[in-house]
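Student: With chain A's structure known, arrange chain B on it following the hints.
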Amino acid sequence: MAKRRLDKFKPIVALGVFLVAWWLIPLGAKAFLKASFTEFQAPAWVANSYLEDLEGFWARRMHSKRELEVAGQEIARAKSYYQFNAQRAATLQAEVERLERILNLPSRREYQYEVARVIRRDLSAWWQHLILRKGRDFEIPVGAAVVFAGGVVGRVVEVNAFTSRVELISSPNFRMAAQFEGDPRPVVYEGVAQSGFGDPVGRVSDAPQDLVANSREPLQLVSTQLGGTFPPGLVIGKVAWLEPGNTGIFQAGEVALDPDLLSLHEVAILVPLNPIEMDSNAP
Amino acid sequence: MLLDPRAIIMFGANALLLFLMQMVNSAMAAWPPYLFILGPMIVLPALYLRHQSYFLCTFLSGLGVDASMGGPFGFFTTLFLMAGALIFTFRIRFRAEHNYHPILLGHVTNIFLILSISIFWGGDLLNISSYWIQILSTIFFSHLAMLVVAPWFYSLERQLFQICRVETEPEDLPLL
Numbered sequence: 201m202a203k204r205r206l207d208k209f210k211p212i213v214a215l216g217v218f219l220v221a222w223w224l225i226p227l228g229a230k231a232f233l234k235a236s237f238t239e240f241q242a243p244a245w246v247a248n249s250y251l252e253d254l255e256g257f258w259a260r261r262m263h264s265k266r267e268l269e270v271a272g273q274e275i276a277r278a279k280s281y282y283q284f285n286a287q288r289a290a291t292l293q294a295e296v297e298r299l300e301r302i303l304n305l306p307s308r309r310e311y312q313y314e315v316a317r318v319i320r321r322d323l324s325a326w327w328q329h330l331i332l333r334k335g336r337d338f339e340i341p342v343g344a345a346v347v348f349a350g351g352v353v354g355r356v357v358e359v360n361a362f363t364s365r366v367e368l369i370s371s372p373n374f375r376m377a378a379q380f381e382g383d384p385r386p387v388v389y390e391g392v393a394q395s396g397f398g399d400p401v402g403r404v405s406d407a408p409q410d411l412v413a414n415s416r417e418p419l420q421l422v423s424t425q426l427g428g429t430f431p432p433g434l435v436i437g438k439v440a441w442l443e444p445g446n447t448g449i450f451q452a453g454e455v456a457l458d459p460d461l462l463s464l465h466e467v468a469i470l471v472p473l474n475p476i477e478m479d480s481n482a483p
Numbered sequence: 014m015l016l017d018p019r020a021i022i023m024f025g026a027n028a029l030l031l032f033l034m035q036m037v038n039s040a041m042a043a044w045p046p047y048l049f050i051l052g053p054m055i056v057l058p059a060l061y062l063r064h065q066s067y068f069l070c071t072f073l074s075g076l077g078v079d080a081s082m083g084g085p086f087g088f089f090t091t092l093f094l095m096a097g098a099l100i101f102t103f104r105i106r107f108r109a110e111h112n113y114h115p116i117l118l119g120h121v122t123n124i125f126l127i128l129s130i131s132i133f134w135g136g137d138l139l140n141i142s143s144y145w146i147q148i149l150s151t152i153f154f155s156h157l158a159m160l161v162v163a164p165w166f167y168s169l170e171r172q173l174f175q176i177c178r179v180e181t182e183p184e185d186l187p188l189l
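Keeping their order, the protein sequence lines are chains A and B.
In my numbering, each residue's number is its place in the first sequence (first place is 1) plus 200.
In my numbering, each residue's number is its place in the second sequence (first place is 1) plus 13.
It is worth saying that the hints were derived from the structure and are not from the lab.
Check before you lean on any hint, since a few could be wrong.
Claimed, not checked - Chain B is faced by these chain A residues, among others (derived, beta-carbon under 8 Å):
hint : residue
1    : L219
2    : K234
3    : Q273
4    : R277
5    : L323
6    : Q394
Backbone N, C-alpha and C fix where the C-beta goes; we use that ideal spot for every residue, glycine too.
Just chain A, with the same shape it has in the complex:
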């Protein structure tokens, strides 16, 4: 009878034992468990992503020859336009390098663009993550910047064997140094809780008092090289109004982010070619 009564508390006792054990387990063992379970699930998502690619391939095969010809012409036009832009960019780059040599400026960080497919979007009130189909197999580092045609996407927070997890700029845990276009003074950008209804937004703070923003001429918020992760000049979003912040010394305001952030299919990871040495004493 007494045994029967004690049996009732078995799940509670087991829960207590688990809590104590989980607290005592070394971090290495937890990291191993996490990596094992993540890698166990990853093939399903990668396979799902390849199936989507295959679906797209067969959908394109269904187009008529005429549609393909029209698409080909459009691509040819776009190609010649981008070839011209590439030539112009190369000329401007050479000019910048010449001026840098004359002025003895320090070299800038260079990046290798690794284009990656988005295999999963997980955008909730608690976290805003993208899972990409490239990981350690492409030597993606943790902390690398992720961008797309509309500007900054976020930062890599976790790298696995074949996938990596990106924290979006709209995530409440995201924070980076930024500046307004044409104004070198640094400000702070951070993600905020999204309501889920409407376009994604962020928040800018520590903006100088003399800046004025309005909905007709919104200020463009861009990245700065101060944080060391993002190259300067990448678009973050637009600020239509600024108001005095908590301290009263600086201004703060809402940043309207690109709505395409929520439906990305492909992004570029910026892999630094000359990573910053954290141990070095260089300024």
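Tutor: Same frame as chain A, but now just chain B:
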């Protein structure tokens, strides 16, 4: 037997539910609904299995969810085991062979999970209205979807028991 084969079936079904839920969320990322349907994963293992098998199934399911979602590793495992322990303790009061009680338990467990995450991870966000708007919309859409998903999920698990020719009755039958 050391491990009830139904625990493996339930773990597989939980993995399937997690995968489907995340696939729907990924496809609907640009839309307001976010589905959080983890409650049903805990119910049947706690109602059907012996303690050892229930514990293993719930523990492994929790770790799977932890690895797949953002946030500190072990958080969902702990919540799963807490909710599971409570259901297991009082399981003799529930009828597991029909869907009525498991569905109700699934809803209650799901609400418990959503509110726990919202409070523990909320931090400074707890004072922000847009945070609670999205939590309320998540609860609304998730529980609306659960009206369809939970009966399907439990029926799928029972169907799998039959297909795999394992015991289809719970370990402890309810008091009548």
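Student: Against this structure, judge whether each hint is valid.
Tutor: Going through the hints against the structure:
{"no.": "1", "hint": "L219", "verdict": "7 Å, holds"}
{"no.": "2", "hint": "K234", "verdict": "5 Å, holds"}
{"no.": "3", "hint": "Q273", "verdict": "31 Å, violated"}
{"no.": "4", "hint": "R277", "verdict": "29 Å, violated"}
{"no.": "5", "hint": "L323", "verdict": "5 Å, holds"}
{"no.": "6", "hint": "Q394", "verdict": "6 Å, holds"}
Hint compliance for this structure: hints 3, 4 are broken, all remaining hints hold.
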